[in-house]
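Dock chain X against chain E, hints included.
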Amino acid sequence: MLQSLIEIIFNTHFGHGVLRVTTPILFAALGALISSRAGIINVSLEGTMLTAALVGVVFSGISQSPWIGLIAAVIAGMIVGLTLVFFSLNLKTDIILAGIALNLMAGGGTIFALFVVSGDRGISSSIRSHVLPMICIPLIQDIPIIGRILSGHNVLTYLSIVAVVIIYYLLYKTPLGIRIRAVGENRHAADSVGISVTKVQYIALIISGALAGFGGAYMSMGHVSWFSTNMTAGRGFIALAANALGMAAPFGVLLTSLLFGFADALSNSLHSLKIPSQFVQMIPFVATILGLLFYSIQQTNKANRIRKEQKA
Amino acid sequence: MNKRLVFEFIKTIVAIIFALALAFTIIYFVSEDPAYALNRFLVGPTGTMRHFGNVLEMAIPLTFTGLAICVMFQARQFNIGADGGFFIGAVGATFIAITYKLPPGVHTLVAIAFGGLLGGLGSSVPALLKAKWKSSELVSSLMMNHILFLLGLYVINNKLRDPQAGAMASYTFNETANLSKILEGTRLHSGIFIALLMIALTYYFLYRTKWGYALRMTGKSSKFAQYSGISVTSVIIYSQVIGGILAGIGGATEMLGMHNRFQWQLSPGFGWDGIIVAVLARNNPLLIPIAAFFLAYMRIGADLMSRMADVPSEVVSIVQSIMIMLVTAEAFLSHWRHKLIVRDANVIFDAKEVKGNVAKLD
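Taken in order, these protein sequences are the chains called E and X.
Just so you know, we're using the numbering used here here: the first sequence kicks off at 109 and counts up by one.
Just so you know, we're using the numbering used here here: the second sequence kicks off at 2 and counts up by one.
Hints in this document: simulated from the structure, not taken from any laboratory.
Just so you know, even glycine gets a beta-carbon here, dropped at the ideal spot from N, CA and C.
Certain hints may be false.
[Stated by the list, open to error] Simulated DEER-style distance windows between Cβ atoms:
id: 1; chain 1: X; residue 1: Leu202; chain 2: E; residue 2: Lys410; range: 39 to 45 angstroms
id: 2; chain 1: X; residue 1: Phe8; chain 2: E; residue 2: Asn198; range: 16 to 22 angstroms
id: 3; chain 1: X; residue 1: Leu287; chain 2: E; residue 2: Asn198; range: 44 to 50 angstroms
id: 4; chain 1: E; residue 1: Ile405; chain 2: X; residue 2: Lys160; range: 30 to 36 angstroms
id: 5; chain 1: E; residue 1: Gln249; chain 2: X; residue 2: Pro164; range: 48 to 54 angstroms
id: 6; chain 1: E; residue 1: Ser234; chain 2: X; residue 2: Glu33; range: 32 to 38 angstroms
id: 7; chain 1: X; residue 1: Leu341; chain 2: E; residue 2: Val263; range: 55 to 61 angstroms
id: 8; chain 1: E; residue 1: Arg229; chain 2: X; residue 2: Glu185; range: 30 to 36 angstroms
id: 9; chain 1: X; residue 1: Pro164; chain 2: E; residue 2: Phe359; range: 33 to 39 angstroms
[To be verified] Straight line, CA to CA, 25 angstroms or less: simulated DMTMM-like cross-link-like pairs of lysine to aspartate or glutamate:
id: 10; chain 1: E; residue 1: Lys382; chain 2: X; residue 2: Asp163
id: 11; chain 1: X; residue 1: Lys224; chain 2: E; residue 2: Glu115
id: 12; chain 1: X; residue 1: Lys224; chain 2: E; residue 2: Glu417
id: 13; chain 1: E; residue 1: Lys382; chain 2: E; residue 2: Glu115
id: 14; chain 1: X; residue 1: Lys135; chain 2: E; residue 2: Glu417
id: 15; chain 1: X; residue 1: Lys4; chain 2: E; residue 2: Asp202
[What the hints assert, rightly or not] In silico negatives: residues of chain X with every beta carbon more than 10 angstroms from chain E:
id: 16; residue: Ala170
id: 17; residue: Tyr228
id: 18; residue: Val233
id: 19; residue: Ser318
id: 20; residue: Phe350
Pulled out of the complex, with its shape left as it was, chain E reads as follows (with noise of 0.2 angstroms):
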């Protein structure tokens, strides 16, 4: 079983799946970072991707353009954060319970929408939608098995890898990322020189929701042209781990998402071994929760040490 488990590891088709299934990952988990850098926790992002998906699918299917519905998803992504923020910042509604009402919304409400939209129950397969594009990549794909595992992947896979760049300059090369990240660290200092909290809040939700957005459409839009009942499975929440576990750093989200989509992966391609196929299934929730406590382990410790170091 070891040797079919290397053979199906170590195999390009595996290391391109890897950067499939890491997409809508890595997407969620930026979104996820970004509102934790300017000190709010988007717990709605797993119902921001599924809103989005339907958005993307339902537009994609009236306009006969992917484009369209990809744009459209991530304005639907932009309102679901814009929901969140006012809530929170307006009407004072606990940050946590307004993220998992919108999810409980997002679950129920896309059925409906779904329904009420095509007739359809579950999956969208009366909906004539389209898939966005496939982009080989000259020269690196020629190049023997790296070629095979970074060419070939859809728009959005590797705008995930640019929207990684972007949040990087944004946060640090832009006066709007000083000023999310001075909000994030420290509200009070960043109010008393003069920077509108809410504002800034507002900003960061909203990007977060649109990268969200990305991801949503990638589930539904990336590889397949339906979208069905939650679909997004947790990767909302798998992102949040990832973002905490990559320190909200955008290269570190990047690796830790890889991670994840490493193990989820993994649950799709072992399928062939005889692992009751639950099992499988199981992998990327048990990864996430293994590198979650990998994160808490570290972080206790760096938080005695300090403690030590202050005593003495």
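Here is chain X on its own, set in the frame of chain E:
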């Protein structure tokens, strides 16, 4: 204090009215015959004994998960693992009900206790991770939901599956394990008494014991609790374990009361509904059954509406999310509340002034 409660009550009612108004608007636009759809939604459940029985049947699992969430949220532990606990509790009860032969009554109790035990074990994972290493219980409990669900399916599929049954189903339970039906013409079962007992126990635990006090204090302010010598770490653990146990008992009771074999392919989702029940009841165990009844009524109404009219029942999930957000919104109606406080203060102030003037005259 009393005024605050009145305000909270009114706020909850207004939030419900807002959310229902939204539902009516949606139904109005979606339905071909909105009047009929609304009629089914609002009065459908009272139409026949069977339908009203459905409401009561559904209020039982909602009460259990509502209690589970209520205990965890009162300690401000955002553990959303009640759904996994409920599912694995039902699997646990199935296991006992099929594999063992015990006297009636005892069999049921053992099966339910085992379900509760599994639920507690499930939620002890996020609890311990949070207590020892401050891991987010929100993320880990959600992951546990998936893990417990898959684990449960594995057990049913590989250990308890009846090969004779066409679809995926377990063997039928030994009859000694089933909860008895208590109302002719409905499926209402004696699990309702277990639910009532749990409400009383939870209330007693939260408001009449030292542990419950520590739990509530930790929820109000964990720093204050820590400084006053309460072990916040143990509260983090036992609040979530108790929540898991309640969810597990709920799942077991539902399984033994409503079914005679395990046939769930998907989680029935009562763990998620527990959140709305707890929020509507403002985390008060005594209000949980009322909130559970209300939600069950809405659910059955929506179900009848979707079967007889043309509006999908999922409209309820939109309504209940709006309710959660408005009820917990601190600033919702706060303007009005503020005015009330100012008015009261003025009344007191005026009274004092008058007294002062009288004193001067003397």
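Going down the list of hints, with the structure as the test:
no., hint, verdict
1, Leu202/X / Lys410/E: 39 to 45 angstroms, "holds (41 angstroms)"
2, Phe8/X / Asn198/E: 16 to 22 angstroms, "holds (19 angstroms)"
3, Leu287/X / Asn198/E: 44 to 50 angstroms, "violated (32 angstroms)"
4, Ile405/E / Lys160/X: 30 to 36 angstroms, "holds (34 angstroms)"
5, Gln249/E / Pro164/X: 48 to 54 angstroms, "holds (50 angstroms)"
6, Ser234/E / Glu33/X: 32 to 38 angstroms, "violated (19 angstroms)"
7, Leu341/X / Val263/E: 55 to 61 angstroms, "holds (57 angstroms)"
8, Arg229/E / Glu185/X: 30 to 36 angstroms, "holds (34 angstroms)"
9, Pro164/X / Phe359/E: 33 to 39 angstroms, "violated (52 angstroms)"
10, Lys382/E / Asp163/X, "holds (22 angstroms)"
11, Lys224/X / Glu115/E, "violated (53 angstroms)"
12, Lys224/X / Glu417/E, "holds (23 angstroms)"
13, Lys382/E / Glu115/E, "holds (15 angstroms)"
14, Lys135/X / Glu417/E, "holds (21 angstroms)"
15, Lys4/X / Asp202/E, "holds (22 angstroms)"
16, Ala170, "holds (17 angstroms)"
17, Tyr228, "holds (17 angstroms)"
18, Val233, "holds (15 angstroms)"
19, Ser318, "violated (2 angstroms)"
20, Phe350, "holds (28 angstroms)"
Consistency note: the structure conflicts with the earlier hints numbered 3, 6, 9, 11 and 19.
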